[in-house]
Amino acid sequence: MNLLDNTAFDMGDIDYHWCPGCGNFLIMNILKGVLTELDLKPEEIVLVTGIGQAAKMAHFTKMNFFNGLHGRALPVAMAIKAVNPELTVIVESGDGCTYGEGGNHLIHAIRRNINVTNIVHNNMVFGLTKGQASPTSQLGYVTKMQNLGVFVEPFNPLTFAIALNASFVARAFCGDKEQTKEILKKAITHKGYTHVDIFQPCVTFNKLNTFKWFQENTYYLEDTFDPSDRIEAFRRATEKGKYPLGVFYINPKPTFEENLAVYRENEVPVYKRKKDLEKVSQKLFSFI
Amino acid sequence: MKTSSFSVNKKDDISIVLAGAAGQGIETFENLLISIMKTTGYNVFSTKEYMSRVRGGINSTEIRVSSKRVAAYIDRIDILIPLTKDAILHLRKRITTDTIIVGEQENIEGALECTDCEVEVPFTDIAVKLGGKIYANIVVIGLIACLLNVEEGLVEDFLKQRFSSKGEKIVSNNIAAAKKGFELAKELKADQRIVIGLQKNPHVRDELLMDGTEAVAMGAIAGGCNFIVGYPMAPATGVLRFLAGEAVEFDIVVEQIEDEISGINATIGAWYAGGRGMVTTSGGGFALMSEGLSLAGVTETPVVIHLSQRPGPATGLPTRTEQGDLELALYAGHGFFPRIILAPGKIDDAFYLTQDAFNLADKYQVPVFILTDNYLVNFYYNFPPLDLTRIKIEHHIVKTEKDYRRYELTESGISPRGIPGFGEGLVAADSHEHDEEGHISEDLHYMRIKMVEKRLTKLKLLENDVILPELIGSETYKILLIGWGSTFHLIKEAMELLGERDISFLHFKQVYPLYPDLSKYLKKAEKTVIIENNATSQFGKLIKQHTGIEIDAKILKYNGLPFSVEELVEKLEKIVKL
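Sequences listed follow chains X and B, in order.
Read in order, the letters of the first sequence correspond to residues 1 to 288 in this note's numbering.
Read in order, the letters of the second sequence correspond to residues 1001 to 1578 in this note's numbering.
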């Protein structure tokens, strides 16, 4: 039980854009608790989000935020972390934003191993645009748009991230506050790119994957599961019927920022370093 | 060596063209020769035209060596070195009866059909005897250096410097190759068949020799740039490549990004976090940045964009030039937001304007474009040292207080810009319409109106810092030539050749927002002539929109090549006589 005061991240009496009972509320409260327990301050964190109901998290929690474009949160996060590695950078958005519009950035954020936690609210449907299929919608799922039922292969974010040799890959269910909190804590404190796909119900548009459905169709990876075993992680990530939850894969490796030429021998954030015009002048001499 | 019967006497301004296939070392030749000529005390200019391929095809480089300053492309060829069979055909229109064509037998076939001056030199045979085919270009360099009265020792020094890392053998072979070139040239000079009289000016040695790419990149460094990204695309990649080499020395985060959408979003993210970022691209890549540009607009995040134009639509002509993306830069991005577009015409301006772009972006929290093109980024010439006392890196970041509001409504329209982690406040950036704190707002009767007006006010404010157009020639004129960006030197040299006193030239290095009092220049002229390297006179349209004045005559070119000085003279003569 969390006895810490997480009101530092509260926005007070605001008008939430989410439906009553939305999984976003659960994730928001879990996140606030995690940040409090990790003793992070709102000024030290930047929450970068895209567009969609999940992405509005930036407006409902109190911290620095960059609420950018649909699908484009990761490049922004990469740059923020590269310019100022002292900040804790968290990306949060939905399945459509991250796995649809932002697909290419996801590939390369993982490849670069940017030191950012990417939290994906996965409710398997587009909420804000009123109920179209998302990349993670299940086969046969009928919507007004996909009126024959979804017939394209659902996107599996876990096998995808493990295939790219991501540094940290996990899945959680927002209905389990304690376990999700532990997973997020591990993710945020892990050095490198961390991917946390969080199952959540959409109470308005997804009548198939409900709160109860997620409860009945998920279970946790065993305590004996070894997250350093990539092949096994991949195999478990392919499981269907009942979906495993937990940390699938951990692969410590140097981060993007550590690899950048500017930080190889100097840890001072680049934005703090002063430019010396005398040096510019010397460089110009080389053009004589 | 065999020569036709000829005798030429050339003064002041020599144009040397080397033409061959991609992969024949033309670029190394260009770099080496212009450095040698400049160190000798000659003014130099060089420009290349090349095909979009790694091997084969025909590429050519023009090097002007002159007693006076030169900075523009001319059609005339005084000395042509064809390195392939197709070279003469490729350049046929530019060859005259006194173009000296020097080359191997197989490459100069048909030369006498267009010139009287043919010199056959078995460059490859000579080079092979010296140790390998690769020395052929150095024999050519020796030959040209000697024809242009360069000291042999100076060429040797250059070769030593250039090849010292490759071992003594390579150095001595190169020196022997250059020596051979000198011997051949001495024969040509012996009976006064070729006389070239160029004046050496010792001051030229102390000048800078740079291309547009280097000037933009150095300008970025001097502007405090500490973040650069780009996706490889001609002709914009050079800037990214240059800065990659300076990453450690000048504290720059450099990344080759996955696509241009990422490029603009990342650059905006860098500024948000307190960095000074630039993204470098060409038209096709910039087209992908449209939404990101709009994001910079609504979030009021500074961003610097180097947009180096090439002809479109779509892939178009990847390695050719055009001033075709002015309207793209002007109108890209949905919704209204202010922006600044700078278009250097001179290499020093490419430096100063890029430097200033970072200050302007920071001050006004708007996107700033450096609009160059393939012609500008690839030409070199010597110019006097840059004046660094003229520049300053201006920062406009504030330390935030507890109750900081990123989009605080102010009289000027500019809200003090904080960055995360600096001060006690929280810093927001929001792509939605937002309130002063940066949170989503659908208050249509107050906040939306205030925020639109805030961004509009900034546009008006930008006019305070507009860079004045540069008037070349007399303040009183009958004919006013108008140009922008890379055509500066072409128009200037053409105007000088015309020698008419009643003509002046107005050059714009800031094309948006336009100089507010522009119509005073136009109204003074009996006739206005606009010169643009595009098909529809994009800048002329902007001037009309701004002043209501229709430009009288237009000289437009859109085949993918820059104007030549001669071509401009010919077209202007017709217009002037009307």
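Some clues are possibly wrong.
Partial list, derived from the structure: chain X residues whose beta carbon lies under 8 Å from chain B [claimed, not checked]:
no., residue
1, L40
2, E43
3, L69
4, A77
5, L87
6, G103
7, N104
8, H108
9, Y271
DSS-like cross-link-like pairs, simulated, lysine-lysine; straight-line CA separation at most 27 Å [stated by the list, open to error]:
no., chain 1, residue 1, chain 2, residue 2
10, B, K1458, B, K1544
11, X, K274, B, K1399
12, X, K41, B, K1402
13, B, K1577, B, K1093
14, B, K1402, X, K272
15, B, K1399, X, K62
Here are the simulated distance ranges between beta carbons [to be verified]:
no., chain 1, residue 1, chain 2, residue 2, range
16, B, F1336, X, K283, 36 to 42 Å
17, X, K185, B, T1410, 46 to 52 Å
18, B, R1092, X, K253, 55 to 61 Å
19, B, E1566, X, R264, 48 to 54 Å
Just so you know, these hints were derived from the structure itself, not from any lab.
We put the CB at the ideal spot given by N, CA and C, even for glycine.
Now for the hints, and whether the structure bears them out:
Here the hint on L40/X is broken, as its CB sits about 12 Å from the closest CB of chain B, past 8 Å. Contact between E43/X and chain B, as hinted, is supported at the beta carbon level, the nearest pair being about 6 Å apart and thus within 8 Å. At a threshold of 8 Å, the smallest CB-CB gap from L69/X to chain B is about 5 Å, leaving the interface hint in force. The interface hint given for A77/X holds, since its Cβ lies 7 Å from the closest Cβ of chain B, which is under the 8 Å cut-off.
A hinted interface residue such as L87/X counts as satisfied when its beta carbon comes closer than 8 Å to some beta carbon of chain B; here the least separation is about 6 Å, so the hint holds. The beta carbon of G103/X comes no nearer than 10 Å to any beta carbon in chain B, farther than 8 Å, and the hint placing it at the interface is violated. A cut of 8 Å between beta carbons decides the hint on N104/X: the least distance to chain B is about 5 Å, and the hint holds. A cut of 8 Å between beta carbons decides the hint on H108/X: the least distance to chain B is about 4 Å, and the hint holds.
Given the 8 Å rule on beta carbons, the hint for Y271/X holds: about 4 Å separates it from the nearest Cβ of chain B. Between the alpha carbons of K1458/B and K1544/B the distance comes to roughly 23 Å, so the proposed pair stays at or under 27 Å and holds. A C-alpha spacing of about 17 Å is found between K274/X and K1399/B, which places the hinted pair at or below 27 Å, so the restraint holds. About 13 Å separates the Cα atoms of K41/X and K1402/B, which keeps this hinted pair within 27 Å; it holds.
For the given pair, K1577/B sits about 26 Å from K1093/B by alpha-carbon distance, which is consistent with the 27 Å threshold. A threshold of 27 Å between alpha carbons decides the hint, and for K1402/B with K272/X the separation of about 22 Å falls inside it, so the pair holds. Restraint check: the Cα-Cα separation between K1399/B and K62/X comes to about 19 Å, which is no more than 27 Å; the hinted pair holds. Checking the proposed 36 to 42 Å range against F1336/B and K283/X shows it holds: the Cβ atoms sit about 40 Å from each other.
Checked against the given bound of 46 to 52 Å, the beta carbons of K185/X and T1410/B, roughly 41 Å apart, lie outside it. Range check, R1092/B to K253/X: about 59 Å between beta-carbon atoms, so the 55 to 61 Å window is met. For the pair E1566/B and R264/X, the beta carbons lie near 52 Å from each other, so the given range of 48 to 54 Å is met.
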